[in-house]
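**Student:** Here are the chains, one letter per residue:
Number of protein chains: 6
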Amino acid sequence: MIFPIFFTFVLLLSSSHASVQDFCVADYKAPDGPAGYSCKKPAKVTVNDFVYSGLGIAGNTTNIIKAAVIPAFAAQFPGVNGLGISLARLDLAPGGVIPFHTHPGASELLLVVEGTIIAGFVASDNTPYLKTLKKGDIMVFPQGLLHFQVNGGGTPALAFPSFSSPSPGLQILDFALFKNDLATELIAQTTFLDAAQIKKLKGVLGGTN
Amino acid sequence: MIFPIFFTFVLLLSSSHASVQDFCVADYKAPDGPAGYSCKKPAKVTVNDFVYSGLGIAGNTTNIIKAAVIPAFAAQFPGVNGLGISLARLDLAPGGVIPFHTHPGASELLLVVEGTIIAGFVASDNTPYLKTLKKGDIMVFPQGLLHFQVNGGGTPALAFPSFSSPSPGLQILDFALFKNDLATELIAQTTFLDAAQIKKLKGVLGGTN
Amino acid sequence: MIFPIFFTFVLLLSSSHASVQDFCVADYKAPDGPAGYSCKKPAKVTVNDFVYSGLGIAGNTTNIIKAAVIPAFAAQFPGVNGLGISLARLDLAPGGVIPFHTHPGASELLLVVEGTIIAGFVASDNTPYLKTLKKGDIMVFPQGLLHFQVNGGGTPALAFPSFSSPSPGLQILDFALFKNDLATELIAQTTFLDAAQIKKLKGVLGGTN
Amino acid sequence: MIFPIFFTFVLLLSSSHASVQDFCVADYKAPDGPAGYSCKKPAKVTVNDFVYSGLGIAGNTTNIIKAAVIPAFAAQFPGVNGLGISLARLDLAPGGVIPFHTHPGASELLLVVEGTIIAGFVASDNTPYLKTLKKGDIMVFPQGLLHFQVNGGGTPALAFPSFSSPSPGLQILDFALFKNDLATELIAQTTFLDAAQIKKLKGVLGGTN
Amino acid sequence: MIFPIFFTFVLLLSSSHASVQDFCVADYKAPDGPAGYSCKKPAKVTVNDFVYSGLGIAGNTTNIIKAAVIPAFAAQFPGVNGLGISLARLDLAPGGVIPFHTHPGASELLLVVEGTIIAGFVASDNTPYLKTLKKGDIMVFPQGLLHFQVNGGGTPALAFPSFSSPSPGLQILDFALFKNDLATELIAQTTFLDAAQIKKLKGVLGGTN
Amino acid sequence: MIFPIFFTFVLLLSSSHASVQDFCVADYKAPDGPAGYSCKKPAKVTVNDFVYSGLGIAGNTTNIIKAAVIPAFAAQFPGVNGLGISLARLDLAPGGVIPFHTHPGASELLLVVEGTIIAGFVASDNTPYLKTLKKGDIMVFPQGLLHFQVNGGGTPALAFPSFSSPSPGLQILDFALFKNDLATELIAQTTFLDAAQIKKLKGVLGGTN
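Protein chains in written order, with this note's numbering: chain R, 118 to 326; chain Y, 118 to 326; chain U, 118 to 326; chain C, 118 to 326; chain V, 118 to 326; chain E, 118 to 326.
Honestly, the hints are just simulated from the structure, not real lab data. Quantities reported herein were computed from a predicted structural model and do not represent experimental measurements. Mixed in with the good hints, there may be bad ones.
All copies of an identical chain are treated as equivalent in the list; a pair is satisfied when it fits inside any one copy or across any two copies.
Using 16 Å as the maximum straight-line C-alpha spacing, the simulated EDC-like pairs for lysine to aspartate or glutamate come out as follows [unchecked claim]:
# : residue 1 : residue 2
1 : LYS158    : ASP242
2 : LYS317    : GLU302
3 : LYS317    : ASP166
4 : LYS146    : ASP242
5 : LYS252    : GLU231
6 : LYS316    : GLU302
7 : LYS319    : GLU302
8 : LYS161    : ASP242
9 : LYS248    : ASP298
Could you put the whole structure together from the sequences, leaning on the hints where they help?
**Tutor:** Here it is in structure tokens:
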């Protein structure tokens with residue numbers, strides 16, 4: 118009344134060097150590579166590797182942009198490593214804004230759960246695609262294109278962007294330009310912005326030179 | 118004070134046979150291929166191709182499983198075609214259940230927005246990974262593995278699964294086995310279920326033979 | 118009469134940190150990642166890494182399903198690591214059956230070498246695709262879909278399934294449901310099977326709860 | 118006693134522009150693209166698209182190389198289109214040989230079913246990997262590398278190579294060099310072969326110039 | 118003295134619905150999809166599809182940025198369709214500059230052929246990577262990150278960027294922000310730039326609102 | 118006047134186990150895998166990892182083929198690891214030739230910078246595609262196909278091939294056949310070349326047997 122064949126079979130699959138390969142939970146202590154983090158040993162994997170609870174509490178929006186983003190990427194959430202997907206939480210207080218940014222490694226699909234959000238992206242041909250999103254609406258931002266989100270109402274907005282990669286990356290335009298030591302003159306030359314404008318934003322964001 | 122070079126450049130990129138290639142909004146009337154639907158002509162694309170509003174209203178859960186799923190896959194939401202991501206809405210009334218199923222073409226990342234959900238998947242080595250998820254929790258189900266969701270509380274639950282493909286597919290176990298004309302004897306032989314059990318579920322689900 | 122340029126050239130390619138990169142024979146002692154196992158040092162690779170002889174002898178089919186499967190996946194056969202392909206051997210005694218299962222990470226192409234096999238898969242729309250295969254016939258099972266194989270004659274059948282991944286995975290439906298400690302009540306709720314049926318199969322397969 | 122939710126759900130998935138996306142059976146009359154052939158309309162797909170019977174009969178080996186190859190690639194076998202796998206049949210009479218060739222688009226996994234085959238490939242560092250394969254042995258040839266198969270015994274040999282692509286391609290060295298109108302002088306210059314040798318093989322294979 | 122087997126074999130491969138599949142030269146008149154353009158019929162392909170001569174002449178740099186870019190992407194150069202690579206020509210007169218931009222779909226590898234170029238990119242953590250490149254130097258810009266090139270000497274500079282995609286895309290920061298009808302107020306809100314600065318650049322680039 | 122949210126956010130992304138994931142500069146001392154080398158720790162990455170200066174000086178062409186190739190693949194140029202692109206330098210003195218070869222892992226896009234080059238590839242159907250390339254011309258060689266380059270004029274030629282992979286591989290036909298210990302008889306059997314021809318080239322290239 119037993120299945121000897123399967124015992125044999127499973128034995129082979131669970132031999133010393135086997136990896137289950139259904140998933141590859143990130144082992145942050147081993148080397149990472151172009152495809153992601155190394156895999157945790159199967160015996161050490163638990164259900165908690167596949168669950169992330171850090172998105173349940175609103176981020177602190179008492180700041181100048183009145184917004185907060187909490188990522189659940191492979192670097193924070195080991196279970197998504199190698200699985201082609203990740204998520205984040207986005208809180209926008211009234212007047213809140215997530216300034217222009219890109220995700221170099223993923224497309225984004227934004228889900229509005231509370232409030233109203235004005236979202237937009239700009240295509241390579243410079244056409245802007247702009248929409249006011251209500252609760253339950255979703256909008257997709259194709260990989261690598263500049264986009265933004267702004268609270269479009271008088272109440273807090275909550276949204277959850279999902280991404281087509283466990284490590285989508287995030288390049289915030291203002292930070293890339295002004296929150297480092299790039300020379301003002303070089304920035305002026307490569308953005309056509311006035312030096313005074315550049316220096317002003319460097320001051321706000323903590324950049325130098 | 119103008120940029121003639123860019124005019125030249127953009128001219129080249131917008132020549133008659135150019136495709137913007139930032140995105141490939143689905144053209145449902147042209148042939149589809151292994152990578153997805155054909156692309157709509159750029160001139161016909163509008164922001165509404167990138168926005169989907171069908172997930173804003175709860176699905177009807179007054180049915181035997183007390184649950185409803187509304188997909189926003191490439192077949193419904195043309196903007197995600199080719200972008201490696203899609204989304205769905207999941208409503209679970211008290212006692213509601215999404216029975217065992219797989220997505221042959223994608224990993225799933227479930228976000229609980231209201232209520233409590235008991236979710237689980239089974240790995241290839243038959244280990245079950247089971248967790249009670251609260252509002253704000255997320256759980257990942259690796260590609261192709263059997264998983265389920267059950268309302269874990271006395272109130273309605275709302276969740277949004279995102280997927281690592283615009284066309285994740287969905288194979289519901291009971292439907293695959295019982296909602297068609299596969300012979301009862303063959304099902305019995307390949308599942309070890311009793312013929313009476315099979316016939317009973319065929320009756321419920323509308324299968325024959 | 119020599120080719121100094123090539124000597125220089127080859128020198129560069131064989132410098133201390135070079136990897137041949139034609140292949141990546143699995144090193145089972147180093148970490149694995151989402152793309153597979155780490156590569157063995159080129160100097161340690163031999164032809165035997167690319168050859169596997171474990172499929173030459175029939176598996177033992179004197180068991181309840183009268184069938185045997187022997188895998189040559191990356192976990193057993195180091196040479197296929199990273200190369201997008203693997204193979205297995207399938208023996209079916211008269212009356213033998215490989216019950217419903219999926220490969221979460223690969224499509225399968227079954228080659229019948231001896232005897233007759235009734236094979237089938239079920240698509241996402243619940244349509245079954247069923248065929249009696251004779252010696253020399255091949256049948257493809259698309260990635261992630263439920264499928265089975267049954268000996269269709271009175272003589273032993275031999276087949277070789279090949280897979281579109283070095284680690285296709287294997288989830289056997291009955292094992293996933295019944296060969297673990299998932300609560301009978303939860304299984305009943307998520308499969309619509311009767312509790313008695315579940316307990317019966319748990320008993321046969323060694324499951325608990 | 119019915120499942121209204123699923124009816125609703127399936128209705129959505131089977132709407133007019135839906136594609137099942139479990140598979141993409143080749144439609145040879147529509148355009149093909151970099152990812153393969155266009156998909157046949159789901160309603161026209163039958164089980165016969167997933168089954169190929171052309172490999173059941175031995176190829177005719179009464180020719181100069183005493184060998185025959187019959188492909189079941191996407192161009193012959195519509196069901197493998199887009200699924201990352203394909204197969205072929207290889208017959209080698211005593212003394213038969215498949216001369217040096219490459220598959221530009223796939224790795225190959227050779228399964229010996231009858232007889233003995235001497236097989237080999239050469240790596241980028243010019244190391245040859247050579248082995249005499251017996252019935253049941255498998256050997257992998259990494260993508261794009263030169264390899265060959267020779268009957269290693271006094272009896273007919275039968276083998277089935279599987280490939281990691283539905284369209285692996287096949288470039289036979291002698292044919293690429295000699296079975297076309299490339300100028301003898303140019304071939305001599307780019308292969309270091311003697312003009313007489315080139316002209317001799319052009320004569321045998323039907324090349325000109 | 119002939120090879121009948123090969124004749125048979127080639128016959129199969131060249132049957133009416135066969136595609137050579139070594140390449141997929143773009144057919145600009147057929148539909149395109151997520152993986153690229155449809156393939157030209159093999160019989161219509163000539164060597165000229167694989168050769169592009171448009172990069173041999175310097176672009177016109179008598180413009181405000183003293184620079185010119187000429188692309189050889191899949192939209193201009195049909196032979197690269199589906200092959201994962203493309204190229205462009207970059208001319209920088211003394212004082213010339215290619216302002217900050219991204220390629221949403223590819224990494225770039227810049228080769229300096231004449232003159233001196235100051236090039237840089239900014240990583241997601243806002244670290245700038247900056248280098249003065251001389252003739253023969255190459256520099257890689259990872260996919261999707263903001264980067265720029267500036268003539269670093271008193272003589273014309275010539276460079277050839279190659280890309281890891283046949284359709285890398287190009288989003289020029291100033292154009293995305295200022296060369297369209299995005300409202301000045303919205304741009305101010307999402308970039309922190311002063312309204313006056315925005316209006317000034319809109320004026321230069323032909324934007325409105 | 119500060120952005121506390123971003124500080125929080127960046128803090129998360131730069132936690133101890135974070136990897137920037139914009140790039141994966143090769144760490145030659147850690148294990149490599151099918152997707153490439155392990156990533157250098159972000160803190161150790163400098164701009165010099167992204168710049169390679171080894172292609173600025175002509176290779177030594179005073180050899181029998183009057184040609185030189187200098188690669189900047191991932192094994193030499195750590196910055197391209199995982200980025201899907203690489204480059205090389207090709208010098209051809211008058212009369213110089215790069216004999217028939219393949220790149221098993223990449224398509225090649227050749228840019229002629231000085232002089233004239235006769236280049237060609239042969240497709241799977243044995244059709245040669247041949248062209249005389251002038252300064253500024255580019256030609257693409259699809260992945261895995263046999264191709265060659267010959268100086269087509271009386272002056273030195275300089276070209277830069279770029280590749281669609283950081284590790285394209287390189288298999289030189291003559292070397293694969295004659296620069297190792299493959300038995301002359303076996304080569305004769307699998308190439309149809311005369312034994313005398315084989316022995317002659319083995320002698321030139323340093324092969325044995």
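**Student:** Now, for every hint given, state plainly whether the structure supports it.
**Tutor:** Status of the hints after comparison with the structure:
1. Taking the shortest Cα distances, LYS158 and ASP242 sit within 16 Å of each other only across copies (14 Å), while inside one copy they are farther apart (47 Å).
2. For the homomeric pair LYS317 and GLU302, the shortest alpha-carbon distance inside one copy (13 Å) is at most 16 Å, but the shortest distance between copies (18 Å) is not.
3. Proximity of LYS317 and ASP166 under a CA criterion of 16 Å is satisfied in neither setting, with 44 Å inside one chain copy and 32 Å between copies.
4. Taking the closest pair of Cα atoms, LYS146 and ASP242 never come within 16 Å of each other, the shortest separation being 43 Å inside a single copy and 21 Å across copies.
5. For the identical chains of this complex, LYS252 and GLU231 are neighbours both inside a copy (5 Å) and across copies (14 Å), given an alpha-carbon limit of 16 Å.
6. Taking the shortest Cα distances, LYS316 and GLU302 sit within 16 Å of each other inside one copy (10 Å), while across copies they are farther apart (21 Å).
7. Only within a single protomer do LYS319 and GLU302 lie at most 16 Å apart by alpha-carbon distance; the minimum there is 12 Å, versus 21 Å between protomers.
8. Taking identical chains as interchangeable, the C-alpha atoms of LYS161 and ASP242 lie at most 16 Å apart only when they sit on different chains, with a minimum of 14 Å there against 49 Å within one chain.
9. In this assembly of identical chains, the alpha carbons of LYS248 and ASP298 lie at most 16 Å apart only when taken from different copies (14 Å versus 35 Å within one copy).
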